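Undergrad: Go by the hints and put chain L onto chain W.
For the protein sequence lines, the chains are W and L, in the order given. Sequential numbering of the first sequence, starting at 1401, is according to this note's numbering. Sequential numbering of the second sequence, starting at 7, is according to this note's numbering.
Just so you know, these hints were derived from the structure itself, not from any lab. Model, not experiment: these values are computed from the prediction. It is possible that some hints are incorrect.
Subject to a maximum C-alpha distance of 20 Å in a straight line, what follows is the list of computed SDA-like cross-link-like pairs (lysine to any residue) [claimed, not checked]:
#1 W:Lys-1759 with L:Thr-107
#2 W:Lys-1636 with W:Thr-1582
#3 W:Lys-1585 with W:Asn-1681
#4 W:Lys-1759 with L:Ser-125
#5 W:Lys-1825 with W:Tyr-1477
#6 W:Lys-1759 with L:Gly-66
#7 W:Lys-1585 with W:Tyr-1640
#8 L:Lys-31 with W:Asp-1407
#9 W:Lys-1451 with L:Gly-28
#10 W:Lys-1544 with W:Gln-1638
#11 L:Lys-132 with W:Pro-1765
#12 L:Lys-31 with W:Gln-1449
#13 L:Lys-132 with W:Arg-1460
#14 W:Lys-1759 with L:Cys-134
#15 L:Lys-31 with W:Trp-1466
#16 W:Lys-1759 with L:Glu-30
#17 W:Lys-1467 with L:Arg-131
#18 W:Lys-1451 with L:Glu-30
To spell it out: a stretch of chain W is covered by chain L in this simulated footprint if at least three of its residues, at any positions, have a beta carbon under 8 Å from a beta carbon of chain L; those stretches are [said to hold, decoys possible]:
#19 1524–1538
#20 1658–1668
#21 1739–1751
#22 1761–1774
All C-beta atoms, glycine included, are put in the ideal place defined by N, C-alpha and C.
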Amino acid sequence: MTKTVTDVICPFCGTLCDDLEVVVSDDGKELLEVYNACAIGAEKFLHSQAKDRITRPRMRQEDGSWKEISYDEAVDYTAKMLADAKKPLMYGWSSTNCEAQSVGSEIGEAVGAVMDNTATVCHGTSLIAVQDIGIPSCTLGEVKNRADRILFWGCNPAHAHPRHMSRYSIFPRGFFTGKGHTGRKVIVIDPRPTDTASLADVHLQVEQGRDYELLSAFRIAFRGEQLPDVVAGIPKEQIYEAAETLKSGRFVIIFFGMGVTQSLGKNHNIDIAIAVTRDLNEYTKAAIMPMRGHYNVTGSGQVWGWLYGFPYAVDLSRGFARYNPGETTSNDLLRRDEVDAVFVLGSDPGAHFPFSSVKKIYDRPAVAIDPHETPTTEVCNVHVPVAFVGVETGGCAYRMDNVPIETRKVVEPPEGMMTDEEFLKHVLARIKEIKGE
Amino acid sequence: MAIRVNLITGRTIQQGVSMEAGKEKPAYTTACGIIELDPTDFKKLGAYRNTNVRVTSSYGSVVVKAVEATQGPHPGVAYIPMGPWANMVVNPNTYSTGMPTFKGTPVEVEVAKNEPVYSSLELVRKACRGELA
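For reference, chain W alone in the conformation it holds in the complex:
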């Protein structure tokens, strides 16, 4: 016999779908099927069942091979590494629950670490812009029920947030959007004709890296002022037309992604995108929302927001919280050799940081806490596998619109395996012993 668990939360992307159905064996030890999830979400659930999964901590030997160690030894190594370091970097925190983030922050305070999350290579520049000029935003429920003008700027949800369009942005029928996608106008701005663009009414193929100019042109077009013939590769007629489409809507939502946050201009691209949203509110109702990547990167920003007042790049090394992107951000710290140990949890900088930063992790003591074997575990001295949050343990996560959702445990982790939170609590206790508290 099997049983079906309904209303399961998907721990992959910031859309945090809450309608999955998971079939598990009667004893709750095996996960058999996943329904309603996108290809990536389903793979995440199913991969927890992989037969070749690493279930015990490992330590790197002199010759480069791995040796299995106990959780106690891993706790001890991690605690000593963090306690001995002058200024350790504790990075990641996005693929885990808020409970683990909170224990991790306590460790950070105890050892004077720099705490940084994956926003640093994702929406960090958006957070800078929000602090600069604020953000008129909304929830995804409001988008579903009200939005009739959808603008995707530098993001490709067809690949990165596969169910975003069907659950919230393009296709669903909501309270005031009963016609579904036929009642909505969709504009995509991207240097490539992406799969999302193929679903849109209008695609403006902006020249890569010229988003600021095009956004600026939109502000001019809203006011009916003169534009040059071509801006950022787009003829002015198309800009005027798109601007008019946006102004004529009842509710405009702008979703933006890495296309603007990672291109030159960085936070200033977001400044002006928010200014575009503010302008639109002169004519209609408009909101803007970052397409957050990891399912709980928003949560780590929330946790640090209420603990320290800053959403990422929090330097606790002086005994109080400092925040200065460009100085206290992971890649800058690594490249300038300003940290002397690296602790990674719930992220894979080995795969997703530029190589010059990865090499710096390899060059210093490093511990990776991750259910998977990854390029990060490859450059660390100790790898601690843990239970999958949202699959093998529950906990709180924040959706991209800052709505907290409690994830669910659907299956037992492999025998004797720790969760992130348990492991961190042990490390914290050991650090307190070392420090004689």
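TA: Same frame as chain W, now just chain L:
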């Protein structure tokens, strides 16, 4: 014959699925150890589809397989899915924002038929130990 293109990176659904299935598996290399080129750029390069190429920027160099753009046309723009291969060549400078410049790195692409595309773990390991050519 080498061509110069503007490199961008990002997620693809194949990258996401293979990443969740395990970055040590061959499927991850198939999904991310590639460069998507426009047909016109293929013509300039004078290479067949699915040829190994060396991508070089001011910041590094990596061998990946050249495939035709799946979301094109985008002449002059090349795409490597986010991952260790792309990160060997992207511009790591943050210009005081904390954010490396993952999109918009000028790169040179040349045919490297006989050079291998390493798996993710192998690539990172070899690069850290300075064993890459």
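Undergrad: Decide, hint by hint, whether the structure agrees.
TA: Against the structure, the hints come out as follows:
At most 20 Å may separate the alpha-carbon atoms for a hinted pair to count; Lys-1759 of chain W and Thr-107 of chain L meet this at roughly 18 Å. Under the criterion of a C-alpha separation no larger than 20 Å, the hint pairing Lys-1636 of chain W with Thr-1582 of chain W is inconsistent with the structure, at around 26 Å. With a C-alpha separation of about 18 Å, the suggested pair Lys-1585 of chain W and Asn-1681 of chain W falls inside the 20 Å cut-off, and the hint holds. At most 20 Å may separate the alpha-carbon atoms for a hinted pair to count; Lys-1759 of chain W and Ser-125 of chain L meet this at roughly 17 Å.
For a cut-off of 20 Å, the pair hint linking Lys-1825 of chain W to Tyr-1477 of chain W stands: about 14 Å separates their Cα positions. With a C-alpha separation of about 13 Å, the suggested pair Lys-1759 of chain W and Gly-66 of chain L falls inside the 20 Å cut-off, and the hint holds. Note on Lys-1585 of chain W and Tyr-1640 of chain W: the hinted pairing holds, with a Cα-Cα distance of about 15 Å set against a maximum of 20 Å. Restraint check: the Cα-Cα separation between Lys-31 of chain L and Asp-1407 of chain W comes to about 31 Å, which exceeds 20 Å; the hinted pair is violated.
Taken as a hint, the Lys-1451 of chain W and Gly-28 of chain L pair is honoured in the structure, with Cα atoms around 12 Å apart against an allowance of 20 Å. Restraint check for Lys-1544 of chain W and Gln-1638 of chain W: the C-alpha separation of about 27 Å exceeds 20 Å, so the hint is violated. The straight-line distance between the Cα atoms of Lys-132 of chain L and Pro-1765 of chain W is roughly 18 Å, inside the 20 Å bound, and the hint therefore holds. Distance check on the hinted pair: Lys-31 of chain L and Gln-1449 of chain W sit about 15 Å apart at the alpha-carbon level, within 20 Å; holds.
Simply put, Lys-132 of chain L and Arg-1460 of chain W have alpha-carbon atoms about 16 Å apart, close enough for the 20 Å limit, and the pair holds. At most 20 Å may separate the alpha-carbon atoms for a hinted pair to count; Lys-1759 of chain W and Cys-134 of chain L meet this at roughly 6 Å. Taking the CA atoms of Lys-31 of chain L and Trp-1466 of chain W, the gap is near 18 Å; set against the 20 Å cutoff, the hint holds. Between the alpha carbons of Lys-1759 of chain W and Glu-30 of chain L the distance comes to roughly 19 Å, so the proposed pair stays at or under 20 Å and holds.
About 17 Å separates the Cα atoms of Lys-1467 of chain W and Arg-131 of chain L, which keeps this hinted pair within 20 Å; it holds. Distance restraint check for Lys-1451 of chain W and Glu-30 of chain L: the Cα-Cα separation of roughly 14 Å lies within the 20 Å cut-off, and the hinted pair is therefore satisfied. Evaluation of the coverage hint for the segment 1524–1538 of chain W: fulfilled, as 3 residues show C-beta separations to chain L shorter than 8 Å, against a requirement of three. Chain L is given as covering the segment 1658–1668 of chain W, and this holds because 8 residues of the stretch bring a CB closer than 8 Å to a CB of that chain, at least three being needed.
Counting residues of the segment 1739–1751 of chain W whose C-beta sits closer than 8 Å to any C-beta of chain L gives 3, which meets the bar of three, so the coverage hint holds. Closer than 8 Å: that is the beta-carbon criterion, and the segment 1761–1774 of chain W has 4 residues meeting it against chain L, so the requirement of 3 holds.
The structure is inconsistent with the numbered hints 2, 8, 10, although it conforms to all the rest.
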